[in-house]
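Enquirer: Got chain A sorted already, so can you dock chain B onto it with the hints?
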Amino acid sequence: MQSLNISTAAMRGIQQALDNTSNNLSNIDTVGFKRRVASFSELLSDSMNEQPAADNQNRNTPAGLRIGSGARLGLTKLDMGQGSMKQTDVPTDLMIQGEGYFLVTRKIKDANGALLQEENRLTREGNFKLQYSDDDGGYVLHTASGHILTNSSGNPITFNDPVGDILITEDGSVTMDGEPVDTIGLWKVDNPDELQQVGQDLFDPDLASGIAPDTKYKNALDEDVATLRQGALESSNVNMMEEMSQLVNIQRAYQLNSRAIGISDQMMGIANSIRSR
Amino acid sequence: MIRGLYTSASGMLALQNRQESLANNLANVNTPGFKQDLGVMRAFPEQLISRIRDQEGPDIQGYPNLSGQAAVIGRLNSGVYMSEAMPMFTQGDIAETRNPYDVALMDNLQPDQDGNERRLFYSVARLEDLTQPAQPEDIRYTRNGNWSVNSDGYLVTADGYYVLDAQNQAVRVNNPDDLLNGVSVGQGLIISKTGDLQYEDPTTKELVSLPNNQRLGLSVITDPMKLVREGTNIFRFEGDIPVESLDVAEANDPLIAGRYGTQQGWIERANVDPMQTITSMMSALRAYEANQRVITTIDGTLEKAANEIGRVNG
Numbered sequence: 003m004q005s006l007n008i009s010t011a012a013m014r015g016i017q018q019a020l021d022n023t024s025n026n027l028s029n030i031d032t033v034g035f036k037r038r039v040a041s042f043s044e045l046l047s048d049s050m051n052e053q054p055a056a057d058n059q060n061r062n063t064p065a066g067l068r069i070g071s072g073a074r075l076g077l078t079k080l081d082m083g084q085g086s087m088k089q090t091d092v093p094t095d096l097m098i099q100g101e102g103y104f105l106v107t108r109k110i111k112d113a114n115g116a117l118l119q120e121e122n123r124l125t126r127e128g129n130f131k132l133q134y135s136d137d138d139g140g141y142v143l144h145t146a147s148g149h150i151l152t153n154s155s156g157n158p159i160t161f162n163d164p165v166g167d168i169l170i171t172e173d174g175s176v177t178m179d180g181e182p183v184d185t186i187g188l189w190k191v192d193n194p195d196e197l198q199q200v201g202q203d204l205f206d207p208d209l210a211s212g213i214a215p216d217t218k219y220k221n222a223l224d225e226d227v228a229t230l231r232q233g234a235l236e237s238s239n240v241n242m243m244e245e246m247s248q249l250v251n252i253q254r255a256y257q258l259n260s261r262a263i264g265i266s267d268q269m270m271g272i273a274n275s276i277r278s279r
Numbered sequence: 006m007i008r009g010l011y012t013s014a015s016g017m018l019a020l021q022n023r024q025e026s027l028a029n030n031l032a033n034v035n036t037p038g039f040k041q042d043l044g045v046m047r048a049f050p051e052q053l054i055s056r057i058r059d060q061e062g063p064d065i066q067g068y069p070n071l072s073g074q075a076a077v078i079g080r081l082n083s084g085v086y087m088s089e090a091m092p093m094f095t096q097g098d099i100a101e102t103r104n105p106y107d108v109a110l111m112d113n114l115q116p117d118q119d120g121n122e123r124r125l126f127y128s129v130a131r132l133e134d135l136t137q138p139a140q141p142e143d144i145r146y147t148r149n150g151n152w153s154v155n156s157d158g159y160l161v162t163a164d165g166y167y168v169l170d171a172q173n174q175a176v177r178v179n180n181p182d183d184l185l186n187g188v189s190v191g192q193g194l195i196i197s198k199t200g201d202l203q204y205e206d207p208t209t210k211e212l213v214s215l216p217n218n219q220r221l222g223l224s225v226i227t228d229p230m231k232l233v234r235e236g237t238n239i240f241r242f243e244g245d246i247p248v249e250s251l252d253v254a255e256a257n258d259p260l261i262a263g264r265y266g267t268q269q270g271w272i273e274r275a276n277v278d279p280m281q282t283i284t285s286m287m288s289a290l291r292a293y294e295a296n297q298r299v300i301t302t303i304d305g306t307l308e309k310a311a312n313e314i315g316r317v318n319g
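Chains as they are written, first to last, in the numbering used here: chain A, 3 to 279; chain B, 6 to 319.
None of these hints come from the bench; they were simulated from the model. Nothing here was measured: the structure is a model prediction, and the numbers come from that model. Incorrect hints may have been included.
Claimed, not checked - Below, in silico cross-link-like pairs of lysine-lysine (DSS-like), each with a Cα-Cα straight-line distance of 27 Å or less:
1) A:K220 x B:K198
2) A:K131 x A:K109
3) B:K198 x B:K210
4) A:K190 x A:K88
5) A:K220 x A:K190
6) A:K190 x B:K210
7) A:K218 x B:K210
8) A:K109 x A:K218
9) A:K109 x A:K190
What the hints assert, rightly or not - Computed far set for chain A versus chain B, every beta-carbon distance over 12 Å:
10) Q99
11) S155
12) S175
In this text, a Cβ means the ideal position worked out from N, Cα and C, and glycines have one as well.
Next comes chain B alone, as it looks inside the complex:
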């Protein structure tokens, strides 16, 4: 009896967590590159229930029924919990912004030989020394292609991470310190489908690559479920230094080549479906209500046991 009380309470708690997770998805419905979380609900481990000191228990097939022994009733689950929130990596819609520093990343990578899901990500990092390439442990991954240029002329994300190129160096499109020798591309930056960083030469009108920074750092991540979500739209690889961080443009793998593209002036929107999220919230609400009702009912039964049993002239 009391056990049911705790079971329902655990259900309410799990649904509350689920509601929080859904609310976070909904809150980020306009965050570029956001990947929605799916809540994973799990039952508590099953218990084997038995009646103890039962002399006359029923026979259960396969079990010897000796007098004085506990009679096995069966299995019982004693509740539910939300074990984790798993990001869903499907592609979000893309929307046009006409901003030169917005780049939508689209991929259609095929699973690898072992059937693992593969996804493409931009590499970003917080850097102290901008002249050196980022160390592997500092590199973070994101799908957020909504960038701007900071006052030093580097491409940065809205949260202050530097956008890295294929050599893991910060991309500088604008060098205000040095008008003559530095690259000052600014709004004239052109990003090709494969992530090449170029600009139009003002005199020859030809496309020229940025010196040193030839290409956006795109990483193929096999089994993206191994990524740790840090918040602020950033993922981190935990454990050994990771990922098949190959230079996708040079990859000859037929499962990668030609199956991705960057689109400048566009943005990948969150893959949150507001309709579905609100519906899930409503069903969570109703399930929460049902659990409360179970608690109330059990409480009513307990009340009977406490106050009515044993009363002689009710």
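Isolated chain A (complex conformation):
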């Protein structure tokens, strides 16, 4: 009976949507996290040879009875909506207001310390930490994942002496005790769907090692689509209410489909019991 397969396919999709919702909910407090929205799509339909020829009604339906085969999870779309602000007053916490990403890099080395490649990642997570780096000969801003924040030409921002007041303005210029240090690079990605989500709040921009980001992306600060805010963090854009109502919605869909399986099963039972008096 095809309806068992139809409902099973739908339930499989719904389960994946449930996984997506639970991932969103579990990241409700992750800084810079962007939620994903699951959406369903219909599966192909099949034709049964029930009706040998076109009906005598004025319709163009092809001969045969069309039976669908259910639904699947079509795509999970990234929702790039802005998350709410969380004031922290930590000078190295940065929040992006508007469109844009930080570019962060990490040097991947082999056992002997030789540089293998440079890993470029985009992120919205702005809780940086000053840490000394041998490679750059100074203090750099690290993300939680160990990547280093870069400036507007894609090179690490280095502080010689970390003692002093760090001031970061809206347009990304970094000063320490009034002395200019560098300018933070923010990159505008028009199509976030082309970015590969690699976990840890990072996106892979697919930039080859050593290639400046401005060959591929526009500077969001120059384009006036983003501003920076010091001493604040962007919370995740997960909305508890919305996720819960989605949860209820898909749970009901799951129940309805399992009920459909139950009914199909009962029908098979009835067919089986024809000769069992």
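Expert: Below, chain B without anything else, positioned relative to chain A:
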């Protein structure tokens, strides 16, 4: 007697098909733009039943009763089948998603002069050469406005169909190859009520149309029952190259103008009513059970005929 057995069996088979159709509707309760199917049940053609070699048949008015001729008893239906599954094109609810690439299509078109139902659809196509307009035979129709942008910057549906504009060309909102000259609108895409594709100019803050792609391809389909459902939420026009595929925004027809709208950041949900679907499933189940009971009863009667008639000391 045996005839009744087959009649009930055909009923069970038809109800099984109906259950499959209902299960598919229910499975797609969360599919955007999905149109539910209505199962059409039909009786088998009627037969005229007569008793043959009946010398003493009753008189039936209007029929001569000659000896040796078959006496007509009357008409008999010998079963039922599900002849087709017809999509129901009513508008689904719309729900907010706040995603810039979700567009709900709402229409309230009036029937044309001949009373035919009219519905609006988005045009989509699978394209090989994206620089050329889609050929009429490649164009498909959908109500699914849940789109995303692929890695080349084109608007696509969840099943990989390109969204077409009013000139049947793929809509490109993002051009990553060419930062300076290409259009790179991305998430800043603004779709007006009439389907115009625009973006806000970063310097002047004015709305500007996309070059070449001015408007979403919306097609008015008169008598949507003529569409062939391909699955994956896609309809195709079969036969002659179709449909009044007019540019709705320029249509002066008072029955069209002002009677539709696209809503960006919203989605049209499936027009499946889960309550009604489950209820129909339950009634199909009960009808199935009743047919089984008829089979069992007929079988019981046959059993009597086979095993008890002719037995002398029962």
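Enquirer: Hint by hint, note whether the structure agrees.
Expert: Each hint, compared with the structure:
no., hint, in the structure
1, A:K220 x B:K198, "violated, 30 Å"
2, A:K131 x A:K109, "holds, 17 Å"
3, B:K198 x B:K210, "holds, 19 Å"
4, A:K190 x A:K88, "holds, 23 Å"
5, A:K220 x A:K190, "holds, 5 Å"
6, A:K190 x B:K210, "holds, 18 Å"
7, A:K218 x B:K210, "holds, 24 Å"
8, A:K109 x A:K218, "holds, 21 Å"
9, A:K109 x A:K190, "holds, 23 Å"
10, Q99, "holds, 15 Å"
11, S155, "holds, 16 Å"
12, S175, "holds, 21 Å"
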